[in-house]
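Trainee: Sequence:
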Amino acid sequence: MEQEHPPLGKTLPFRTINDIAIHFRDKAVCIEYLTQLRWAGNVKCAHCGHDKVYELKGAYKGYKCAKCRKKFTAIKGTIFENSPIELSKWFMAIFILSTHRKGISSVQIARDIGVTQKTAWFMMQRVRYAFKMKSFESNEKIGKSTFDNKGNEVKAVVEVDETYIGGKVANMHKHKAEAIEKKGSSSKIGVIGAIERGKVKLQPLKATDHENVIPFLVKSVHQGTKLMTDEHVAYNTMNRVYEHQTIKHMLKEYVRGEVHTNTIENFWSLLKRGVYGTYHFISPKHVHQYLEEFAFRFNSRELTEAQRFDKLISLSNYKITYKVLTYEPKETQANA
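For the sequence shown, the residue numbers in my numbering are -9 to 326.
Wrong hints could be hidden among the right ones.
As the list claims (entries may be wrong) - Cut-off 30 Å, straight-line C-alpha distance, at most; resulting in silico cross-link-like pairs (DSBU-like, lysine-lysine): (1) Lys134 <-> Lys34; (2) Lys108 <-> Lys92; (3) Lys61 <-> Lys92; (4) Lys301 <-> Lys262; (5) Lys134 <-> Lys108; (6) Lys178 <-> Lys92.
Calculated from the structure, these hints are not laboratory results.
Nothing here was measured: the structure is a model prediction, and the numbers come from that model.
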């Protein structure tokens, strides 16, 4: 699924969950779709990557490698491999996840596709893990300069801000509140975001201080970019790398020309409505996956439903087992 090709979603005939259920009701259709999406006519061995393979006859499209002699289909190496859940249900769940702006609970997905809540949670965590490993343009920095018709450099504008997500200890169940108190940790999870007034990048932070903020910015934002932040002290040295301008919220200043952080703050509102209204609680262990989910939907908001689904399926070549997903270190268990 590494290969670039035109999105199949431009021609796929669906916009609703009912369209998905009808179009992908047969496993053969699902595998054909995955085959086209993964290799775009240039099939390579899913085991060794060799480019000479033989197509096998059968109910479902499969291949055999001329080098390692192993058989495979487009499911090999994806989140769908060895899953007892039908591909049609996987596709319906992924479509639902991709189209709800504020996310959707595993309880609701379980009802919609006819599986248990535990199964739906595991399915969605597998999808989010794929986001985390290879998210939508995750390796690209934002804030790249462009040039106008006269060759003059036009610098991008990037807003950066931090927030906290998580419930109040006073509102938590007794055993959760006691666990947090024993660990001596906060119930809030720090998150930093950078948005190019159109594309967002997110990351959880242990603390919103200089030592944690700087590595995120260096990794996520091109040097020389116009950087807009509030007056938080962690951004005090940003003018060494960026064209840094500060909006002074403490002085009731919210917009000064092009200087503001309103876009990223609007995104925080969307994120928090999803977290509190849909998921209610996100553990620090899984917070990165949920952030990737919200970032993906935001960054692909101008695509059609079919194109977004197409893009999401193309990220499905990273999988994780239930044991690994739910593993807790012994130190954590002892302190809980």
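Trainee: Could you run down the list of hints and mark each one as holding or not?
Mentor: Structure-based check of each hint:
1. Lys134 <-> Lys34: Roughly 34 Å between the alpha carbons, so the hint for Lys134 and Lys34 is violated.
2. Lys108 <-> Lys92: holds, 21 Å
3. Lys61 <-> Lys92: violated, 41 Å
4. Lys301 <-> Lys262: OK: Lys301 and Lys262 at ~25 Å, within 30 Å.
5. Lys134 <-> Lys108: violated, 42 Å
6. Lys178 <-> Lys92: Given that 30 Å is the threshold and the Cα spacing comes to 20 Å, the pair holds.
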